[in-house]
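Following the hints, put chain B in place on chain A, whose structure we already have.
Going down the list, the protein sequences come from chains A and B.
Everything in the first sequence is counted per this note's numbering, starting at 42 for the first residue and increasing by one.
Everything in the second sequence is counted per this note's numbering, starting at 32 for the first residue and increasing by one.
Among the clues, some could well be false.
Stated by the list, open to error - No farther apart than 20 Å at their CA atoms in a straight line, the calculated lysine to any residue pairs in the SDA-like style are these:
(1) LYS283(A) <-> ASN92(B)
(2) LYS358(B) <-> ILE304(B)
(3) LYS345(A) <-> PHE165(B)
(4) LYS330(A) <-> PHE165(B)
(5) LYS330(A) <-> PHE340(A)
(6) LYS253(A) <-> GLY94(A)
(7) LYS283(A) <-> LYS358(B)
(8) LYS195(A) <-> THR70(A)
(9) LYS253(A) <-> ILE434(A)
(10) LYS283(A) <-> THR114(B)
(11) LYS454(A) <-> SER360(A)
(12) LYS345(A) <-> LEU199(B)
(13) LYS283(A) <-> GLY171(B)
(14) LYS237(A) <-> MET101(B)
(15) LYS237(A) <-> LEU105(B)
(16) LYS253(A) <-> ALA92(A)
(17) LYS283(A) <-> ARG210(A)
(18) LYS237(A) <-> ARG401(B)
(19) LYS596(A) <-> GLU580(A)
(20) LYS283(A) <-> MET101(B)
(21) LYS345(A) <-> ASP173(B)
(22) LYS330(A) <-> LYS358(B)
Source of the hints: derived by calculation from the structure; they are not laboratory data.
Below are the chains, spelled out letter by letter.
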Amino acid sequence: MAGLAASPRARANHQLLAPGAIAGQSGATPGFRLVDVTNAAGIQFRHHSGAYGGKLLPETLGSGCAFLDYDADGWQDMLLINGMDWPQHKRQRTTLRLYRNNRDGTFSDVTRRAGLDVEMYGMGVAVGDYNNDGFPDILVTCVGQNRLFRNTGKGAFTDVTHSSGLDGRLAFSTSALWFDYDRDGLLDLFVCNYVKWSAEHDVFCSLDGKHKSYCTPEAYRGETCWLFHNRGDGTFEDVTAKCGIFDTSSKSLGVAMLDYDRDGWPDLLVANDTQPNKLYRNQRNGTFKDVAVEAGIAFSAEGKARAGMGVDAADFDHSGLPGVAITNFDNEMIGLYRPAANGTYNDVAVQAGVGLASQNTLGFGCAFLDANLDGALDLVVANGHIDDTVRNIRGNVGYAQPPQIFLNNGQGKFQDVAASTGDGFIQPKVGRGLCYADFDRDGDLDILMTTNNGPAYLYRNDQQTGNHSIRFRLTGTKSNRDAIGAMVRVEHEGSTQERLVKGGSSYLSQSELPVTFGLGKRDKIDRVTIEWPSGKPEEYKSLAAGQSYDCIEGKGITPQGHF
Amino acid sequence: MARSPQRSPTTALSLGLIITIAAVVAYSWYITLQISHLRELQNNLVEHNRRDSLQLLRVQNDLNSLGLAMRDMLDNDEPYPLTAWSAQFQRIRTDLDSALQAEAQLSIARRTPEQTQYLKDSLAQFWDAADRTFALAQAGKDAEAREQIRLSLQARQSTLNTAVSRLLVQNNESEQQASTQVAQIYDRVQSQVYRFLTATLTAILLTSLYLIRANRQLFARIEALSQQRSELAQKLISSQESMLRSISRELHDEFGQILTAIGSLLTRSEKRIPEGSALHTDLREVRDIAQSTLNNVRSLSQALHPVMLDETGLESTMDWYIPTVEKQTGIDISYQKSGVPFALDGGAAIHIYRVLQEALNNVARHSGAREAQVRLQFSAEALDLEVEDHGKGGVALAARSGIGLVAMRERAELLRGTLEFSQPAEGGTLVHMRVPREGNEANAG
Chain A
42 MAGLAASPRA RANHQLLAPG AIAGQSGATP GFRLVDVTNA AGIQFRHHSG AYGGKLLPET
102 LGSGCAFLDY DADGWQDMLL INGMDWPQHK RQRTTLRLYR NNRDGTFSDV TRRAGLDVEM
162 YGMGVAVGDY NNDGFPDILV TCVGQNRLFR NTGKGAFTDV THSSGLDGRL AFSTSALWFD
222 YDRDGLLDLF VCNYVKWSAE HDVFCSLDGK HKSYCTPEAY RGETCWLFHN RGDGTFEDVT
282 AKCGIFDTSS KSLGVAMLDY DRDGWPDLLV ANDTQPNKLY RNQRNGTFKD VAVEAGIAFS
342 AEGKARAGMG VDAADFDHSG LPGVAITNFD NEMIGLYRPA ANGTYNDVAV QAGVGLASQN
402 TLGFGCAFLD ANLDGALDLV VANGHIDDTV RNIRGNVGYA QPPQIFLNNG QGKFQDVAAS
462 TGDGFIQPKV GRGLCYADFD RDGDLDILMT TNNGPAYLYR NDQQTGNHSI RFRLTGTKSN
522 RDAIGAMVRV EHEGSTQERL VKGGSSYLSQ SELPVTFGLG KRDKIDRVTI EWPSGKPEEY
582 KSLAAGQSYD CIEGKGITPQ GHF
Chain B
32 MARSPQRSPT TALSLGLIIT IAAVVAYSWY ITLQISHLRE LQNNLVEHNR RDSLQLLRVQ
92 NDLNSLGLAM RDMLDNDEPY PLTAWSAQFQ RIRTDLDSAL QAEAQLSIAR RTPEQTQYLK
152 DSLAQFWDAA DRTFALAQAG KDAEAREQIR LSLQARQSTL NTAVSRLLVQ NNESEQQAST
212 QVAQIYDRVQ SQVYRFLTAT LTAILLTSLY LIRANRQLFA RIEALSQQRS ELAQKLISSQ
272 ESMLRSISRE LHDEFGQILT AIGSLLTRSE KRIPEGSALH TDLREVRDIA QSTLNNVRSL
332 SQALHPVMLD ETGLESTMDW YIPTVEKQTG IDISYQKSGV PFALDGGAAI HIYRVLQEAL
392 NNVARHSGAR EAQVRLQFSA EALDLEVEDH GKGGVALAAR SGIGLVAMRE RAELLRGTLE
452 FSQPAEGGTL VHMRVPREGN EANAG
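Here chain A stands alone, though its shape is the one from the complex (with noise of 0.2 Å):
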């Protein structure tokens, strides 16, 4: 745990924020309101799990969303993942939706022009400039041949997967995000799979002895998840065996990407299906260690192997080091992790007010996001079962279930608050993929949801206590042109927030780019600090806040305008 070292420092320079320092934090009202509109913004879309009464598999798991900017225009477009029929069962042709942002709160389907209206049984989405040429590239995955669509920088993308090096390979691959592990300034690639499935050897489960029913996961071998190394010539290079993240026992659902022990190299949280999570720890040579087990997050505090579905991590209590959130199965409660000095975790859920109210609840897509701009990062959640015939097994749990926000009251504790949010967001869904963005660009983080074989929902958050906020989008010149891996530090009156540049997390979904930090009334920040994956600090002092600003990466700061 050599790389801890640095951690007692970056604790330093993250005192917690005094008690009531920051407005609009309060346990009775959120501060902000999510409207949706899904339907205002003309987003018409619809998961197809191609479910025809075979219950197979992959059906249960729903797809996952993405905000990116794929005409580099400055406003965040909309992707949203979706299966297909099965081969024997055709009926209808389904395909993903790329949702162009029309700067007006509306949305333009740009899918057929996009060249992405390509039929695929789709689940996840992973967005990365992986060839820096300053357009971003999506890799969906898939139940079968995962795809890598390379963005021409003509608002079409061309499917490469073939040339790239990754077809050839079938598997039911789930949540995936790109990376710089080795920081060599290329994007590399984590996909995580789930079991050993295909539809030919599908097993027969049933509850009834007579019926058909899905299967859990114990019925199917597990699935190593594959780590690709970017060689900067479009190809990838499998380093799975090579660098140590083989395992053919794992389930994998959610990865999240978190600087585990600040030491500037980014480590990977997989969240496994009733097996143990796996916190891979980057040793700088091109190889990981799986340390989950030490640092107590691979299993419950009763040490058992839950159902992990969507996984975030961010420094949600202000230590200096990032905390993890993983959702899991109903009567399993979500996982809060906090950090401790010594590289452990404690599940501080139950003590923290998320355990129990997530008792009944089968959470997929998580994001840790400051909703109510109050400086502290509340966390949001999508639910929804598996089962549609829950109810009658389980009186208090149910198909659809109304997705959470646990607003952090910034001192340890969260009260979920959906309620006060508005009539639509707390409705029961069959909740899965989650992601978020500042799609209309005011300055607060706005929510996309798919549900499973359902619609997908388009929440805008509507402050109403007047927080401010700031936000940066990076571009990196030596370091990936995305900037992921880059941390964020913003200081203000003593206080210290920051923010990992990151892809992946929550679940089959994929967030924006640019970072926001909420500042409450403050009006101004002292001071933010960047540091690139390359290696290099930058820190650009007295910024005001309510403000978007452009940061290159060795070419300074510029403001984008007023939210």
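Same frame as chain A, now just chain B:
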């Protein structure tokens, strides 16, 4: 009336209370002891056992993971060399070592040295075989490595699995024994609870019965005493009235006649003596004294028992008495009479008169009022007498110290009537006596 000596229930009740408290304390002590025993058993055995079993399950899970990994290695359907599994084996090895170390701490008391050694040796042999397998794989001898897995690794993994399963069974058996002990403790406590409840309920029942009996006796005594007191009071009143009537009559008849005769004799003597002589003057003075004494005797006789009460009835007596009181006390008394009067029995009239007398006495003595009202109302069912003043009030309270109030009540009760004291809205005291017509009307029936 003979009074049987009554024993106070306090002693018996105090004894019962002491016994109950002692029983509760003893029972609490017993329960505390049992709970402590239970806690000790659960902490030392059940909890210890549970934690040990959890570690054994962790070991078993690791062994199964190794089994699955070996199966994958033999399946040869991954696009990776056998050496790729090395990290997976290493991870499992780390966890297995940690689990076995934790398990060894928890199982010290129950594990034989032979069992511990066997487990240790089996594991060492497994990892030796695993190291040899990966060495072969590293050297590119995949076929030999797979052969090693089939022949050696899988067999050793199976042996380890069996050993761990046996330990789990052993733990289950200990847990069952502990569960039996726990169940026995629960049974004992449950049986004691029933006994205690039965004893407590019996004690409560007996105490209640005893209390009911004691209360009944107490109330009977109070009733008897009340009856005796009432009878005594009535006798006293009757005797007092009889005596007063007798004295009154003696005064009126005997002394009145004598003084009248003396007065006549003096008048005659006076006439025989010339006017203006000293003797005439002396005789006149003596005659005046005799006349004055006669008046006083008549007044006293009237006060002790108004003769007119027997002769002309209550109303006339009140018509005479109230102005007399006004004169004597200087209190302005307004007297109202209403309804159709009916004649009262002589005994009843004297009691009503006495109540009026006592009420007006109280007004004069305690109220400080300069005015009072007396109302006498006849109705078809009853006679109501009210004496009201607007003085400082609390007359009934002030009068309570004397026997007047008791006597008033007794007189009312003698007539089967009621007597009430109240405070009018204007303040002061209102005495209301109600005497039923039936039984008190003269010549009734």
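*Tell me, in ascending order, the numbers of any earlier hints that this structure violates.*
1, 2, 3, 7, 8, 18, 21, 22
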